[in-house]
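Chains as they are written, first to last, in numbering that gives the first Met the number 0: chain A, 0 to 224; chain B, 0 to 105.
Hints may contain errors.
Stated by the list, open to error - Far from chain B by the CB rule (all over 12 Å, computed), these chain A residues:
hint, residue
1, Ser17
2, Arg72
3, Ala185
4, Glu192
Stated by the list, open to error - In the DMTMM-like style, the derived pairs of lysine to aspartate or glutamate whose C-alpha atoms are separated by at most 25 Å in a straight line are:
hint, chain 1, residue 1, chain 2, residue 2
5, A, Lys159, B, Asp12
6, A, Lys159, A, Asp191
7, A, Lys159, B, Asp89
8, B, Lys78, B, Asp89
9, B, Lys28, B, Glu40
10, B, Lys78, A, Glu192
11, A, Lys159, A, Asp60
12, A, Lys159, A, Glu192
13, B, Lys28, B, Asp12
Simulated from the structure, these hints should not be mistaken for lab results.
In this text, a Cβ means the ideal position worked out from N, Cα and C, and glycines have one as well.
This is what each chain is made of:
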Amino acid sequence: MAQTAERENDVIRGLRRSPAGHLADAFSQGSVSGEQGVTLREVPFLTMIGVRAAPGSAVWDRLGAVMGGLPERYGQVTGSGAGDGPGTEQGVSVLWLGPQEFLVIAADGPNALGGGAAGASLLGGLLDALAGDPGQVVDLSANRTTFELAGPSARAVLEKSCALDLHPREFTVGTAVNTQIGLIPAVLWKVDEAAFRIFPRASFADFLGRWLLDGMREYAAVEVP
Amino acid sequence: MLLFSCPNCGPRDETEFHYGGQAHVPYPKDADALTDKEWSEFLFYRDNTRGDFAERWVHSTGCRQWFNMLRDTVSYEIKAVYPMGGSRPDQPPATAAQTQQKGQQS
Numbered sequence: 000m001a002q003t004a005e006r007e008n009d010v011i012r013g014l015r016r017s018p019a020g021h022l023a024d025a026f027s028q029g030s031v032s033g034e035q036g037v038t039l040r041e042v043p044f045l046t047m048i049g050v051r052a053a054p055g056s057a058v059w060d061r062l063g064a065v066m067g068g069l070p071e072r073y074g075q076v077t078g079s080g081a082g083d084g085p086g087t088e089q090g091v092s093v094l095w096l097g098p099q100e101f102l103v104i105a106a107d108g109p110n111a112l113g114g115g116a117a118g119a120s121l122l123g124g125l126l127d128a129l130a131g132d133p134g135q136v137v138d139l140s141a142n143r144t145t146f147e148l149a150g151p152s153a154r155a156v157l158e159k160s161c162a163l164d165l166h167p168r169e170f171t172v173g174t175a176v177n178t179q180i181g182l183i184p185a186v187l188w189k190v191d192e193a194a195f196r197i198f199p200r201a202s203f204a205d206f207l208g209r210w211l212l213d214g215m216r217e218y219a220a221v222e223v224p
Numbered sequence: 000m001l002l003f004s005c006p007n008c009g010p011r012d013e014t015e016f017h018y019g020g021q022a023h024v025p026y027p028k029d030a031d032a033l034t035d036k037e038w039s040e041f042l043f044y045r046d047n048t049r050g051d052f053a054e055r056w057v058h059s060t061g062c063r064q065w066f067n068m069l070r071d072t073v074s075y076e077i078k079a080v081y082p083m084g085g086s087r088p089d090q091p092p093a094t095a096a097q098t099q100q101k102g103q104q105s
């Protein structure tokens, strides 16, 4: 029975289309290398789990034990993936979205959501920790997609359309915030000195992808001496 | 563009927020006893203040939390940001009796 479910999951995995999959070629063509470089790529199908719990409650402690601590303040990221640089999606990270609302991000795969015994997967473990008490654990993987904007000009591209103060003094590595980028709401996570992860909702992915590509165009031009 | 100071997230553009109308409109103590006129006044009639006005806002594209704000409707100056359920910072806290009376009037 479990094997059948696994095989079905594999079939479904093969059929998935990421929200910005049709822009993959445009992203690689629009990416710029060099001193002024900036690259854009989609990291499809990351596992995202929405978690709600009141700080200080028993549920908070139990969920925190599964995740290695839930973030307690604005911008904080906790979990084993908090220190992940660009290009690595192996750890599990918890992003602060609100005083009682958090987003768990993990790599795609059966370990995160998969079937099998409860507690064997990340989602199962969180649901066990919730144990029906006030709070929430929901699979939101299809809600958002992930863009990775990296390179020396990544901040300059973002600053064109994000009103947040992105100076490294103010917006440090390992900070994740909910904000607006190019008029759409998105989560912005600075994973490295010159790399950002952007989580737009799936329906905005096409718009934001083309919007960022447009912002990257000027860095491909030959610099006028 | 105005900058609002969200109690959780700090200063953000006003476009990240949504307006929730006048603050401190108490729910009628005994809603069943109201006449249609009183009920409609509770639902739809709000102050149109010139000067300091207490209103509710939600940081919709940020922490998604509600808060109260005291804003000057003429100059748009933001006088105070305070939590939901708190009393207006420019007025002494209302006693329980006053709140009840106000609830019956509105």
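Tested hints:
no. : hint                : in the structure
1   : Ser17               : holds (23 Å)
2   : Arg72               : violated (9 Å)
3   : Ala185              : violated (8 Å)
4   : Glu192              : holds (22 Å)
5   : Lys159/A / Asp12/B  : holds (15 Å)
6   : Lys159/A / Asp191/A : holds (19 Å)
7   : Lys159/A / Asp89/B  : violated (39 Å)
8   : Lys78/B / Asp89/B   : holds (9 Å)
9   : Lys28/B / Glu40/B   : holds (14 Å)
10  : Lys78/B / Glu192/A  : violated (37 Å)
11  : Lys159/A / Asp60/A  : violated (40 Å)
12  : Lys159/A / Glu192/A : holds (18 Å)
13  : Lys28/B / Asp12/B   : violated (37 Å)
When each numbered hint is compared with the structure, violations occur for hints 2, 3, 7, 10, 11 and 13.
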